[in-house]
Amino acid sequence: MSDSASPRDPGPRTEKPRYARWLAVAAVAFGAGAALAASVSSSLAMTLLTQAIITGVLATGVGFLIRQNGVVSFGHAAFYGIACYAIGLALRHKVMGAEAAILLALFLPTALAFLLGLVIVRIPGVAFSMLTLAVGQAFYEFAMKARHATGGEDGFSINFPSRIFGVSTSLFQNPHSMFLVSWGTLVVIVLALTAVSASPFGRLTAAVRENEERARFVGYDTLLPRVAVLAISALVVAIAGVLFTLYNAFISPDVLHWSLSGSALIMAIIGGPKLVWGPAFGAIIFFFAKDVAGDATEHWQGIIGVTLIAVMLLLPAGLGDRLSLLWRGKAGHA
Amino acid sequence: MPELAIEGIDIARPFGGFLALKGVGIAVPAGEIRGLIGPNGAGKSTLIDVLSGRAEAWSGTVKMFGADIGGLSVQERRKAGLARSFQRTNIFPDLSVIDQLEIAARKAEQPNIDEIMAELSLTALAHRRAADISYGDQRRLDLALALIGRPKILLLDEPAAGLSIKESLDLAHGLKDLAARWGVTVLLVEHDMDVVFSICDRITVLHLGQVLAEGTPGEIKGIPEVVTAYLGSSV
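Going line by line, the protein sequences match chains A and B. For the record, in the first sequence the residue sitting at position 186 is 186 according to the working numbering, with numbers rising by one throughout. For the record, in the second sequence the residue sitting at position 37 is 1037 according to the working numbering, with numbers rising by one throughout.
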């Protein structure tokens, strides 16, 4: 049964995370974003880009759940919207300062996802997706009905103080500067999630995704890792919610609606959820396709739908995956 | 008499609409390789499931080295030294061989990855994705995941299923050698009688959820009821 390798031979080992390379790629990516912001003078284009990047953060959170837990959520708009409303309501009712409200906006969805996860991650497949949809829509309905607190369907504007964390609020509401803030945040999130995926925790959650029973039989509790992935995913989505609120200073129940979760899912699938950066890439493509198709026809959703079908049939791992393969092929030939 | 490593006392367990185990008793002394044979539907895999904690017994007691482990989870049983392989290959298909062995090793007191890879001829496959290696290699990987940490008791559910005759016999003799060197107790469910009769110290025969017979390979071959119920003219 044994082969020629000596038991004392240390043998091959899992590749160590390449932090230096990741940091270099992140620095280049941030530099490219800064160059783009400097070169594009159109506020309209920068607004579109900023919205795409903020939604890219949202899609990255949704994609992380698919990548690490292998499940699809139709309710992540709840975590996004709760972050938005946490800031909006705290400032509207003068409960706390903007900084504390932002921290609360990050904490609340993460904690909710963790507690909810203790129950719902036990449910497999489609049933999980339906539960997330139900939970998400419950929050949407609540925001619609509680008019006295939330402004109902009309939503409400948020009056931010002139400075947040010592930074002028106008910086968050200018498309050029907010693009840089959002892009920088996205780069840091992708970097962090790449490190998490390559860590022992990331490998364990991938193993649980692949074969939960085997993971239990090699000695692991499989519930908490899956709950932790859901919480991390919700935290990323909450960050997107904070960015959205800072940029728009206006919220309505649309930020809680399942169609936002669905859009994020489409972006993740178009970009490729197997890659940490894939969903954000998908968000950028989605926004520009939407913009171009929207100029051509009011039925732009049809074009997005056809694009989604084409990607799923021809490139089931997403456009990002194909791009990655092309890049690796090119690098291999270099 | 050597200490009993694993014991199932009066185990009853339903499967589908019928009783798969009807008061089964089995006691395997430490260091022994025990074969568990019987026709399809006899309750062999169900017994392995109950002993390993995958399925709960309706009634009866499961003991490991004299201690009742009926209330322990799968993970706690593994920590106590009880490991198993599965009838269907049960690995992490999208992970490399080394990645999954390292994951298993993190839960082991003796993370003997290199030793296991060498024992099971997996060293050259370390960085291959598990889904891309051959079926025989996947079966050995399944076994490797069970062997990480040098368990005290190994429950093997048809480890040779789907392997060629040569692969089966190689695996069997490798197992026997490993069990002797490590002092591990093995309960082996297997349909390949060449494997069972060549490596098992004793054999328990299950039939319709009950123990039909128990004895050494030589004794089992000589029991007419066993020959009628299961062996036929194969031995």
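What the hints contain is simulated information worked out from the structure, not anything from laboratory work. Where a beta carbon is used, it is the ideal one built from N, C-alpha and C, also for glycine. One should not assume that every hint holds.
Claimed, not checked - Here are a few chain B residues that sit away from chain A, every Cβ distance over 10 Å (derived from the structure): (1) Arg1078; (2) Pro1093; (3) Ala1146; (4) His1191; (5) Ala1229.
To be verified - The calculated SDA-like cross-link candidates involving lysine to any residue, where the alpha carbons are at most 25 Å apart (straight line), are: (6) B:Lys1107 <-> A:Ser199; (7) B:Lys1107 <-> A:Gly33; (8) B:Lys1079 <-> A:Glu210; (9) B:Lys1107 <-> A:Val196; (10) B:Lys1079 <-> A:Lys274; (11) B:Lys1079 <-> A:Thr194; (12) B:Lys1079 <-> A:Leu223; (13) A:Lys274 <-> B:Pro1093; (14) A:Lys145 <-> A:Ser197; (15) A:Lys274 <-> B:Lys1166; (16) B:Lys1063 <-> A:Asp221; (17) B:Lys1079 <-> A:Leu118; (18) A:Lys274 <-> B:Gln1138; (19) B:Lys1107 <-> A:Glu212; (20) B:Lys1063 <-> A:Arg203; (21) B:Lys1107 <-> A:Glu210; (22) A:Lys274 <-> B:Leu1169; (23) B:Lys1107 <-> A:Thr194; (24) B:Lys1152 <-> A:Glu212; (25) B:Lys1152 <-> A:Ser324; (26) B:Lys1166 <-> B:Ala1180; (27) A:Lys274 <-> B:Ala1131; (28) A:Lys274 <-> B:Ile1133; (29) B:Lys1107 <-> A:Ser324; (30) B:Lys1176 <-> A:Pro200; (31) B:Lys1079 <-> B:Lys1107; (32) B:Lys1152 <-> A:Ser199; (33) A:Lys274 <-> B:His1127; (34) B:Lys1079 <-> B:Gly1031; (35) A:Lys274 <-> B:Arg1129; (36) B:Lys1107 <-> A:Gly202.
To be verified - To list a few chain B residues with every Cβ distance to chain A over 10 Å, as calculated: (37) Gly1023; (38) Asn1090; (39) Asp1099; (40) Ala1104.
Hint by hint, here is what the structure shows:
Interface exclusion of Arg1078 of chain B from chain A breaks down, the closest Cβ pair being 4 Å apart, not more than 10 Å. Not every CB of chain A is more than 10 Å from the CB of Pro1093 of chain B (nearest about 6 Å), against its label as outside the interface. Against chain A, the non-interface label of Ala1146 of chain B is violated: not every CB pair exceeds 10 Å, the least being about 8 Å. With a cut of 10 Å on Cβ distances, His1191 of chain B stays outside the contact zone with chain A, its closest approach being about 20 Å.
For Ala1229 of chain B, the non-interface assignment is confirmed: its Cβ lies about 31 Å from the closest Cβ of chain A, beyond the 10 Å cut-off. With a CA separation close to 16 Å, the supplied pair Lys1107 of chain B and Ser199 of chain A stays within the 25 Å bound. Of the supplied pair hints, the one linking Lys1107 of chain B and Gly33 of chain A is violated, its CA atoms being roughly 43 Å apart against a limit of 25 Å. Distance restraint check for Lys1079 of chain B and Glu210 of chain A: the Cα-Cα separation of roughly 22 Å lies within the 25 Å cut-off, and the hinted pair is therefore satisfied.
Simply put, Lys1107 of chain B and Val196 of chain A have alpha-carbon atoms about 19 Å apart, close enough for the 25 Å limit, and the pair holds. Pair hint Lys1079 of chain B plus Lys274 of chain A does not hold up; C-alpha atoms about 33 Å apart against a cutoff of 25 Å. Between Lys1079 of chain B and Thr194 of chain A, the direct Cα distance comes to roughly 31 Å. Violation of the 25 Å bound is thereby established for this hinted pair. Taking the CA atoms of Lys1079 of chain B and Leu223 of chain A, the gap is about 18 Å. The hint holds against a cut of 25 Å.
The straight-line distance between the Cα atoms of Lys274 of chain A and Pro1093 of chain B is roughly 15 Å, inside the 25 Å bound, and the hint therefore holds. For the proposed pair Lys145 of chain A and Ser197 of chain A, the alpha carbon gap of about 40 Å is over 25 Å, so the pair is violated. This hinted pair does not check out: Lys274 of chain A and Lys1166 of chain B have alpha carbons roughly 39 Å apart, beyond 25 Å. At most 25 Å may separate the alpha-carbon atoms for a hinted pair to count; Lys1063 of chain B and Asp221 of chain A meet this at roughly 22 Å.
A C-alpha spacing of about 24 Å is found between Lys1079 of chain B and Leu118 of chain A, which places the hinted pair at or below 25 Å, so the restraint holds. For the suggested pair Lys274 of chain A and Gln1138 of chain B, the alpha carbons sit about 24 Å apart, so the restraint of at most 25 Å is met. For the hint pairing Lys1107 of chain B with Glu212 of chain A, the CA-to-CA distance comes to about 15 Å; that is within 25 Å, so the pair holds. Between Lys1063 of chain B and Arg203 of chain A the alpha-carbon distance is near 34 Å, which puts this suggested pair outside the 25 Å criterion.
Proposed proximity of Lys1107 of chain B and Glu210 of chain A is supported: the alpha carbons are some 18 Å apart, at most 25 Å. With a CA separation close to 40 Å, the supplied pair Lys274 of chain A and Leu1169 of chain B exceeds the 25 Å bound. A distance of roughly 24 Å separates the Cα atoms of Lys1107 of chain B and Thr194 of chain A; the hinted pair therefore holds under the 25 Å criterion. At most 25 Å may separate the alpha-carbon atoms for a hinted pair to count; Lys1152 of chain B and Glu212 of chain A meet this at roughly 23 Å.
Taken as a hint, the Lys1152 of chain B and Ser324 of chain A pair is broken in the structure, with Cα atoms around 45 Å apart against an allowance of 25 Å. Between Lys1166 of chain B and Ala1180 of chain B, the direct Cα distance comes to roughly 21 Å. Compliance with the 25 Å bound is thereby established for this hinted pair. Pair hint Lys274 of chain A plus Ala1131 of chain B holds up; C-alpha atoms about 17 Å apart against a cutoff of 25 Å. For the proposed pair Lys274 of chain A and Ile1133 of chain B, the alpha carbon gap of about 21 Å is at most 25 Å, so the pair holds.
At roughly 34 Å between alpha-carbon atoms, Lys1107 of chain B and Ser324 of chain A are farther apart than 25 Å, so this suggested pair is violated. Distance check on the hinted pair: Lys1176 of chain B and Pro200 of chain A sit about 33 Å apart at the alpha-carbon level, beyond 25 Å; violated. The hinted pair formed by Lys1079 of chain B and Lys1107 of chain B meets the criterion: a straight-line CA distance of about 8 Å does not exceed 25 Å. Using a Cα cut-off of 25 Å, the hinted pair Lys1152 of chain B and Ser199 of chain A is violated, with the two alpha carbons roughly 30 Å apart.
Among the hinted pairs, Lys274 of chain A with His1127 of chain B is consistent with the structure: their alpha-carbon atoms are about 19 Å apart, no more than 25 Å. Distance hint between Lys1079 of chain B and Gly1031 of chain B is fulfilled; the C-alpha atoms sit about 19 Å from each other, no more than 25 Å. For the hint linking Lys274 of chain A to Arg1129 of chain B, the alpha-carbon distance of about 15 Å falls within 25 Å, and the restraint holds. Simply put, Lys1107 of chain B and Gly202 of chain A have alpha-carbon atoms about 16 Å apart, close enough for the 25 Å limit, and the pair holds.
Its beta-carbon lying about 27 Å from the closest one in chain A, Gly1023 of chain B satisfies the requirement of being farther than 10 Å from that chain. Not every beta carbon of chain A lies more than 10 Å from that of Asn1090 of chain B, the smallest distance being close to 5 Å; the non-interface claim is violated. At roughly 6 Å, the least C-beta separation between Asp1099 of chain B and chain A is not larger than 10 Å, which violates its mark as non-interface. With 10 Å as the threshold on Cβ separation, the claim that Ala1104 of chain B sits away from chain A is violated: the shortest Cβ distance comes to roughly 4 Å.
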